[in-house]
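Number of protein chains: 2
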Amino acid sequence: MTEVVVRPMNGGNGLHSYSKNSTFQRKAIEAAKELINKAIAEKLDIKIFSSSNSFKIADLGCSVGTNTLLAVQNSTQHPEFQVFFNDQASNDFNQLFTSIPPNIPYFAAGVPGSFHRRLFPNNSLHFVHSSCAAQWLSRVPEDVLDKSSPAWNKGRVHYSNSTPQVMKAFEDQFAEDMDNFMKLRAQEIVVGGLMALILPGRLNETPHTEAYLNKAFEQVESSLIDMAKKGIIREEKIDSFNIPIYFASLQEVESAVKRNGCFSIEIMENIPHEKPQPKVMSSTLRAGLEGTIKEHFGDEILDELFDTLVCNKLEESSLITESCKSVGLFVVLKRKPNE
Amino acid sequence: MTEVVVRPMNGGNGLHSYSKNSTFQRKAIEAAKELINKAIAEKLDIKIFSSSNSFKIADLGCSVGTNTLLAVQNSTQHPEFQVFFNDQASNDFNQLFTSIPPNIPYFAAGVPGSFHRRLFPNNSLHFVHSSCAAQWLSRVPEDVLDKSSPAWNKGRVHYSNSTPQVMKAFEDQFAEDMDNFMKLRAQEIVVGGLMALILPGRLNETPHTEAYLNKAFEQVESSLIDMAKKGIIREEKIDSFNIPIYFASLQEVESAVKRNGCFSIEIMENIPHEKPQPKVMSSTLRAGLEGTIKEHFGDEILDELFDTLVCNKLEESSLITESCKSVGLFVVLKRKPNE
Numbered sequence: 001m002t003e004v005v006v007r008p009m010n011g012g013n014g015l016h017s018y019s020k021n022s023t024f025q026r027k028a029i030e031a032a033k034e035l036i037n038k039a040i041a042e043k044l045d046i047k048i049f050s051s052s053n054s055f056k057i058a059d060l061g062c063s064v065g066t067n068t069l070l071a072v073q074n075s076t077q078h079p080e081f082q083v084f085f086n087d088q089a090s091n092d093f094n095q096l097f098t099s100i101p102p103n104i105p106y107f108a109a110g111v112p113g114s115f116h117r118r119l120f121p122n123n124s125l126h127f128v129h130s131s132c133a134a135q136w137l138s139r140v141p142e143d144v145l146d147k148s149s150p151a152w153n154k155g156r157v158h159y160s161n162s163t164p165q166v167m168k169a170f171e172d173q174f175a176e177d178m179d180n181f182m183k184l185r186a187q188e189i190v191v192g193g194l195m196a197l198i199l200p201g202r203l204n205e206t207p208h209t210e211a212y213l214n215k216a217f218e219q220v221e222s223s224l225i226d227m228a229k230k231g232i233i234r235e236e237k238i239d240s241f242n243i244p245i246y247f248a249s250l251q252e253v254e255s256a257v258k259r260n261g262c263f264s265i266e267i268m269e270n271i272p273h274e275k276p277q278p279k280v281m282s283s284t285l286r287a288g289l290e291g292t293i294k295e296h297f298g299d300e301i302l303d304e305l306f307d308t309l310v311c312n313k314l315e316e317s318s319l320i321t322e323s324c325k326s327v328g329l330f331v332v333l334k335r336k337p338n339e
Numbered sequence: 001m002t003e004v005v006v007r008p009m010n011g012g013n014g015l016h017s018y019s020k021n022s023t024f025q026r027k028a029i030e031a032a033k034e035l036i037n038k039a040i041a042e043k044l045d046i047k048i049f050s051s052s053n054s055f056k057i058a059d060l061g062c063s064v065g066t067n068t069l070l071a072v073q074n075s076t077q078h079p080e081f082q083v084f085f086n087d088q089a090s091n092d093f094n095q096l097f098t099s100i101p102p103n104i105p106y107f108a109a110g111v112p113g114s115f116h117r118r119l120f121p122n123n124s125l126h127f128v129h130s131s132c133a134a135q136w137l138s139r140v141p142e143d144v145l146d147k148s149s150p151a152w153n154k155g156r157v158h159y160s161n162s163t164p165q166v167m168k169a170f171e172d173q174f175a176e177d178m179d180n181f182m183k184l185r186a187q188e189i190v191v192g193g194l195m196a197l198i199l200p201g202r203l204n205e206t207p208h209t210e211a212y213l214n215k216a217f218e219q220v221e222s223s224l225i226d227m228a229k230k231g232i233i234r235e236e237k238i239d240s241f242n243i244p245i246y247f248a249s250l251q252e253v254e255s256a257v258k259r260n261g262c263f264s265i266e267i268m269e270n271i272p273h274e275k276p277q278p279k280v281m282s283s284t285l286r287a288g289l290e291g292t293i294k295e296h297f298g299d300e301i302l303d304e305l306f307d308t309l310v311c312n313k314l315e316e317s318s319l320i321t322e323s324c325k326s327v328g329l330f331v332v333l334k335r336k337p338n339e
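Respectively, the protein sequence lines represent chains V and Z.
Throughout the first sequence, residue numbering follows the numbering used here, covering 1 to 339 in sequence.
Throughout the second sequence, residue numbering follows the numbering used here, covering 1 to 339 in sequence.
Just so you know, these hints were derived from the structure itself, not from any lab.
It cannot be assumed that every hint is accurate.
Label-pair distances were calculated between CB atoms; the ranges are [to be verified]:
id: 1; chain 1: V; residue 1: Leu15; chain 2: Z; residue 2: Asn13; range: 21 to 29 Å
id: 2; chain 1: Z; residue 1: Leu15; chain 2: V; residue 2: Ser99; range: 41 to 49 Å
id: 3; chain 1: Z; residue 1: Asp299; chain 2: V; residue 2: Arg117; range: 33 to 41 Å
id: 4; chain 1: V; residue 1: Gln165; chain 2: Z; residue 2: Leu15; range: 51 to 59 Å
id: 5; chain 1: Z; residue 1: Leu302; chain 2: V; residue 2: Leu302; range: 52 to 60 Å
id: 6; chain 1: V; residue 1: Arg117; chain 2: Z; residue 2: Leu15; range: 40 to 48 Å
From the three backbone atoms N, C-alpha and C, an ideal C-beta is built for every residue, glycine too.
Produce the complete structure using the sequences and hints provided.
Below, the structure written as structure tokens:
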């Protein structure tokens, strides 16, 4: 099995930390709050946990920061709850644990590991929440890094402005990862248990190039290309790098769920995402992508890349990005009985 | 409720880290390994988890380092296991999580919080392991810091060489903490579940002054007194500081278990502790006490205190300490049915 790509959000509590630069993701959670409450009220069968002693919740791809705790507060209104905060082992769990307030109404635990792998025992979870996480692929599709493949993504680091072959490779990788993700979660979630997924994505009718987040990622790509032109980074470094993220539509998620067969779709809707100001957006991009970019290009380029180039490009392109749609996908799945 | 004292072991992987300076504690675990295997084989009723999906293990006061993982390997030989590593929120969980090897045969989770508080849902654990942790008291007994009390521990930071009143105050605090610890764990452990406790302690017939670890702590005390005499620290700082640790005997643990009433004693024995060389012992003391001492006296005294003074005193007193007994307490308790 290929090693899962590791790229946690920026740790700590400093200027470039994810904790301080995740208003965008926070808004997604706030928008989903009412929807999750409604889903729990209407879709959760209380019988699934009457035989067990406690209600077990997992937050997959929790990262670090107040969003993590906010998401969980949304769903805890009853006594004995155990909440598992999951993210990769390299996530800043120290920061997360010390920011848990005293006297929380649940038992907290941290679970290190990629959600592209098994994380919990069989039938041990009642509710899974994952916000702004499952858009991260388990890896960059092999073909886009293969010089001999028609899907080689030469000179680019993102798929949205690229060839149909590159786009297809990312689309397929997302479908494969989603299928695997649901297979794993189907083992961990009790029959009748719910899974709420919030994903940054695009509207069904919107092509990749017109989705706001793709436009934002294209500014990162174009900034890296500028840096290569100026000789700050080598061009081959761009050829060998791709951001392992894909922005799906509800249609794609629906197909993946149906193909997988372990879950029924209970709720599925788009939630509007506010588009942040260029400065805020470049910080958001930095907090999320810094780890991945640093690993490949080194950390000396980060300040110029995000704080100057990406920020300027976002400002320059604000008229274009304004017309782009920014949406989240909100999907609630229920674990079907085993056949 | 009084706030529980927070003093995690030194984090990271550096020179003074707990991870690199815990051979002493490691030996305790190795010595207990066979005993724990035997306890599980003979004392664990397989029926207690046949109805559940997985066997849930908690390691309380896990700290950071390979000991944590070693202790757990000792008890995992079957398929679906979930292991909860617990220590205070300020423990270095990042270091712990990144040191978990790939392909471990269990699902790992970290649980932040003091074991003097509730950590898990009702009836959610099958086996609890706690090594070299429960000797830490929830707080320094109030009286020993109270100038108006006959138990005021003026001019000292440890109890073993002090007045009977001080000794009694620590003895009572240990009894109270043990009772509370068992009340909490009795809620968390299923009926029939086991709890293995390993504590550094002393033989039943040995007075506190003749226990090796007390002698070692007295060298820390006497080094601090030397520093106060030299004007490096203020004398009042010594009056207002006590190490919140108590070395009990099996007799004391037995009384606490019987008074508490929730557990039966399945195994209870002394395990021999090897006495480390002075240099190793001063590093062991530093890794364990540094956090507590730094908080009160500041970090500028640490090098001189441990690496020079304590180390020299341990060397000078090696003839005395050689005659002292160093033992661990090994106790396996079983959760009794509710009456």
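These are the hints, each one checked on the structure:
| no. | hint | verdict |
| --- | --- | --- |
| 1 | Leu15(V) <-> Asn13(Z): 21 to 29 Å | 26 Å, holds |
| 2 | Leu15(Z) <-> Ser99(V): 41 to 49 Å | 29 Å, violated |
| 3 | Asp299(Z) <-> Arg117(V): 33 to 41 Å | 40 Å, holds |
| 4 | Gln165(V) <-> Leu15(Z): 51 to 59 Å | 53 Å, holds |
| 5 | Leu302(Z) <-> Leu302(V): 52 to 60 Å | 35 Å, violated |
| 6 | Arg117(V) <-> Leu15(Z): 40 to 48 Å | 34 Å, violated |
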